[in-house]
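Peer 1: Here is what each chain is made of, one letter per residue.
2 protein chains.
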Amino acid sequence: MVLYFVGLGLADEKDITVRGLEAVRKCKRVYLEAYTSILLVPKKQLEAFYGRDVIIADREMVETAADDILADANHVDVAFLVVGDPFGATTHTDLQLRAHALGIETKVIHNASIMNAVGCCGLQLYRFGEAVSIVFFTDEWRPDSFYDRILANRQQGLHTLCLLDIKVKEPSMESLARGKPVYQPPRYMTVNQAVEQLLEIEEHRQQNAYGPDTFCVGLSRVGADSQQMQAGPMRDLLHAELGAPLHSFVIVGQMHPIEAEMMESLTSKISMSPESSSHA
Amino acid sequence: MVLYFVGLGLADEKDITVRGLEAVRKCKRVYLEAYTSILLVPKKQLEAFYGRDVIIADREMVETAADDILADANHVDVAFLVVGDPFGATTHTDLQLRAHALGIETKVIHNASIMNAVGCCGLQLYRFGEAVSIVFFTDEWRPDSFYDRILANRQQGLHTLCLLDIKVKEPSMESLARGKPVYQPPRYMTVNQAVEQLLEIEEHRQQNAYGPDTFCVGLSRVGADSQQMQAGPMRDLLHAELGAPLHSFVIVGQMHPIEAEMMESLTSKISMSPESSSHA
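Each protein sequence line maps, in turn, to chains A and B.
To convert, count from 1 in the first sequence and add 4; that's the working numbering.
To convert, count from 1 in the second sequence and add 4; that's the working numbering.
Please note that a few of the clues may not be correct.
All copies of an identical chain are treated as equivalent in the list; a pair is satisfied when it fits inside any one copy or across any two copies.
Claimed, not checked - Listed next, the in silico EDC-like pairs over lysine to aspartate or glutamate satisfying Cα-Cα at most 20 Å (straight line): (1) LYS48 to GLU207; (2) LYS18 to ASP76; (3) LYS48 to ASP98; (4) LYS111 to ASP229; (5) LYS30 to ASP81; (6) LYS111 to GLU263.
What the hints contain is simulated information worked out from the structure, not anything from laboratory work.
Bear in mind that the values here come from a model prediction, so they are computed numbers and not experimental data.
Same shape as in the complex, but just chain A (with noise of 0.2 Å):
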């Protein structure tokens, strides 16, 4: 029959879409991509808002077992549940094409993701330029491609949204050499391991994409009502205190006035929630 991608949003179970759930609740089975992102609240959560059982669907199933996702999907309705929207910061691109190939229909119902929530912070969306991505630094695996797109937007005055690393179900290097893969219990990074990372590269690189002083904004738990950010220069955000995952770091280009306020009402405090703030 179908196979939809739904968007979930960012939060928790209510924050998927009327017209989501209405298919949710018609699927057989209801997968829940959870490697990518992750949601606020615990699966049985979910299960007991769709009453549907909720199968967690991990990087090594949906790239090795697409088979299984797709079995029978050209006679009963599958769900592919992806926290954020469907084609947020990581596509299912290829999980389409294959049921395409397969000539199952698939339909899209898209949500908020952190791509286009982060203009809660008050800068305008289409400042921002090109996304970037930062992984966990390992002893032996410091990247710092993204730097260069850091640079580049800097240089025409953008916003730089940084997706932080989450690693969900990684098996360690020692397992893997042993050959029995055991995994490691999740990480999720924070805006001050962001941070560091980040005036590490600088150093390294001293091109002055950005340093110490630099203006920026950390969120985390964007969309929900424990919501919290915090603006100011590189090196205060290395110490803020931003809680629970998820995390998301803005390195701030040039500000247009009404930005520049939205940014004054978040430097003046820790912590902000505009999901629950009362300004008098």
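Put chain B on the given structure of chain A with help from the hints.
Peer 2: Just chain B now, with coordinates in the frame of chain A:
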């Protein structure tokens, strides 16, 4: 109590999130921002679904009568509905700051906007540079300041989302001259018109930001069942038939192989709706 900024998503009344619907249903007054984008369904249909009267807020009202919108919002809940995301292409930071100044709590309920939903065409969102707005040319006013931004994106191999002008409740110049505004019928820029203007600008500027051979994607009614997409060289899109508004346009940069594969599937047909397409 609370001023809610509620994103409605892109197509119809069911694109609101469950969280958003719950908020709207408990609000005393409900405004619909109706000058930067439109839903594809009439106001009556929204009102029936919400169980609430909906007051159309045009640009004039939001700019000059913000106090009416905010009246009593420290005693009753008020909703300000925005097609797409509240902080999509246009921000409503001004209204938010005004509410805060009056001590009114605000909450933001996010949704999909064209800024992230455009990912449905298969181009990866993080490969988009700065977005541009293309406004209707008039005899006297043929703005092309966005040309430099397209050029910068192209030089970096990035895609450019072009937001196409809409004119809703615009007074005619003659009527303004007479001091009594007479409003023109609404107009929505088509992909054809956008391409025509873009090619005219390139002829003047001659810096090869793009040209008739540049690969592009035209999209219409993104998120709706009737969604259409067509990819091809700009000259082909001059005559593409993409139907009713709203239209969007992407000037494609360098493509990754999987992006190219999706683009190919969009060139092989006059129009294609991934929302309801069966690919046997």
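Peer 1: Honestly, which of those hints from before does the structure not fit?
Peer 2: The structure breaks hints 1, 2 and 3; every other hint is satisfied.
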